[in-house]
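Chemist: Chains A and B, in that order, give the protein sequences.
If you count by the working numbering, then the first sequence holds residues 4 to 476, one letter each, in order.
If you count by the working numbering, then the second sequence holds residues 40 to 87, one letter each, in order.
Just so you know, these hints were derived from the structure itself, not from any lab.
No residue lacks a Cβ here, since even glycine has one placed at the ideal position from N, Cα and C.
Any given hint could turn out to be false.
[What the hints assert, rightly or not] Facing chain B, according to a computed beta carbon distance under 8 Å, are these residues of chain A, among others:
no.: 1; residue: Q73
no.: 2; residue: A76
no.: 3; residue: L226
no.: 4; residue: F228
no.: 5; residue: M282
no.: 6; residue: L375
no.: 7; residue: R377
[To be verified] 16 Å max Cα-Cα, derived EDC-like pairs, lysine to aspartate or glutamate:
no.: 8; chain 1: B; residue 1: K84; chain 2: A; residue 2: D274
no.: 9; chain 1: A; residue 1: K39; chain 2: A; residue 2: E120
no.: 10; chain 1: A; residue 1: K427; chain 2: A; residue 2: E111
no.: 11; chain 1: A; residue 1: K39; chain 2: A; residue 2: D274
no.: 12; chain 1: A; residue 1: K428; chain 2: A; residue 2: E120
no.: 13; chain 1: B; residue 1: K84; chain 2: A; residue 2: E275
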Amino acid sequence: MIIQTVFAIYIILMLLIGILEYRRSGGLLDYYLAGKRLSATLVSFSFFATYFSTSAFLGGGGFGFLAGFQWSAFLTFFHILFAIMAWMLIAPRLKRVADETGALTIPEMFGERFGREVRLISSLVIVFFFAFYMVSIYKGAGNLLQVMMGISYREGLLITAVIVMLYTAIGGFRAVVYTDLIQGVLTFFGGVLLFTALVYYLGGLQAFEQLANTKIFAGSGELLFEIGKLGPPPVMKAGLVVPFILSLTFAISIAQLSSPQLIIRFVAARDERVIRRGMLLTPLIIGIFAICVFSIGPFGWLIIPKYDDPIKYLKDVDLVVPFIAMKVLPEGINALLLTAIIAAAMSTINSLLHMMATSFARDFLRSESVGLTRALVVVFAAIPLAVAVNPPDVIVAIVGVSFSVITSVFLIPLLAMLYGNPSKKSVLASMIAALIVSVAWYMLYYRVYWIYPVVPGLIASATVFAMFEKFFK
Amino acid sequence: VRLRGLRVRQEGYSGCEVVEMGAIAVIYAVSVLMMVAGAIMAYRKVEI
């Protein structure tokens, strides 16, 4: 009952923000970029909340149960590295370019520098691959609400989609960032609280000593601290745990540099002083959250075997963090944490939805109508929802690669735009190369070499870009 | 590698394993240092 009450209060709050921001919104610039008047706190927490979805808790936190502390350590390292790089190398220059060109979307910015074809491809990549990315987040939220509230998976999906769609459609980017602030604060403190409660529950620092002595996998006897030993069974069998862990943690973290739904927040900042303050605040929030949440999984070995069969949790690592939360937190508090995990999903979905609708309306349809953009929010919320009810195998495969495609398609053109004067041909060729190579790698080679598709996608994109700059400029 | 027959046991660890634990600790330490260094650099920019 407590869980349902906390969740109901949270939903009402989100809808109220949507209605309030609808009244304050006054046109295209407001609906697209909150009037470019965001403070450092709003930009920072919105960046944080958009980046971390449910999978940060369930996958990021839970996967350490299977892969040990090597997973937690590398994921933390790359998150902090790329958060600092995003705010120091991308944010100030992107804000300047956006203000100079007057662009309202990332594809429009590319279009101003590299022409209509690059703008169209960027817009289509966003709409197509974000839709698949949304399917995976919808699924996570639907599953969690099913467990939390005792409702069906379909009802969980529907609640998530309708709430996010309503406040995003009516309140635009203002509603997105203000709800992000609340969701981000909930997510951040939920993660830190869970880790603190866990260490306290296990008796403080002696938990680390206990873990150091814990051996799992009876047949092979690896320790939780051994690098290159623990991973999903097919990866262990292939002897490729290190490339798998390194490429996956790298792929997840580098998305901070070029994902359009994240970097558009730099454009919406009030001025460059806000960017400098965000540079201080955001890496700290991301770093502290990463250290806490990504380290939770391995500690599951000191709790789960006492109550349940660990094999169930090795087969589905998403169950690890909710189980630990239920054990180490009192009931009222764990209701807040579960709401924080749902909030993490909603804050990512609203940003993807807003980005898809604004990009399709402005960059593809060349429309300046806020009404049409609102209608597109509804359409783009409904399509992935319909797919998430029962996704066919081919969709599941594309969902797996969507995150990689988005990062690898946009990173090289973005760096080129901010730090050079590249030709239109080079940028176009690098985007197409990234798209083809990351999808092909995922379909043909990923399960052979266990290197995540972002890595070959970025290598192909950079190589083709350099070749075109050298020989075809 | 099979998950069946899994068991959790606790026992002493060898010197080799201490090196592994040390390596993980170093990655964590570098991450924290990087975060602090980034914050100091950003703080200087805010002051400017």
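Chemist: Compare the structure with each hint and give your call.
Modeler: Hints, verified against the model:
Hint status for Q73 (chain A) relative to chain B: holds, with the closest Cβ pair at about 7 Å, below 8 Å. A cut of 8 Å between beta carbons decides the hint on A76 (chain A): the least distance to chain B is about 4 Å, and the hint holds. Checking L226 (chain A) against chain B: minimum C-beta separation of about 6 Å stays under 8 Å; hint holds. Checking F228 (chain A) against chain B by beta carbon gives a least distance of about 4 Å; that is within 8 Å, so the hint holds.
The interface hint given for M282 (chain A) holds, since its Cβ lies 4 Å from the closest Cβ of chain B, which is under the 8 Å cut-off. Using the Cβ-Cβ criterion of 8 Å, the hint placing L375 (chain A) at the interface with chain B is not satisfied: the shortest such distance is roughly 39 Å. For R377 (chain A), the interface hint is violated, since its Cβ never comes within 8 Å of a Cβ in chain B; the closest pair sits about 37 Å apart. For the hint pairing K84 (chain B) with D274 (chain A), the CA-to-CA distance comes to about 14 Å; that is within 16 Å, so the pair holds.
A threshold of 16 Å between alpha carbons decides the hint, and for K39 (chain A) with E120 (chain A) the separation of about 27 Å lies outside it, so the pair is violated. With a C-alpha separation of about 14 Å, the suggested pairing of K427 (chain A) with E111 (chain A) holds against the 16 Å cut-off. With a C-alpha separation of about 8 Å, the suggested pairing of K39 (chain A) with D274 (chain A) holds against the 16 Å cut-off. Restraint check for K428 (chain A) and E120 (chain A): the C-alpha separation of about 10 Å stays at or below 16 Å, so the hint holds.
Only pairs whose Cα atoms come within 16 Å are accepted, and K84 (chain B) paired with E275 (chain A) is accepted, the gap being roughly 11 Å.
Hint violations for this structure: numbers 6, 7 and 9, all remaining hints satisfied.
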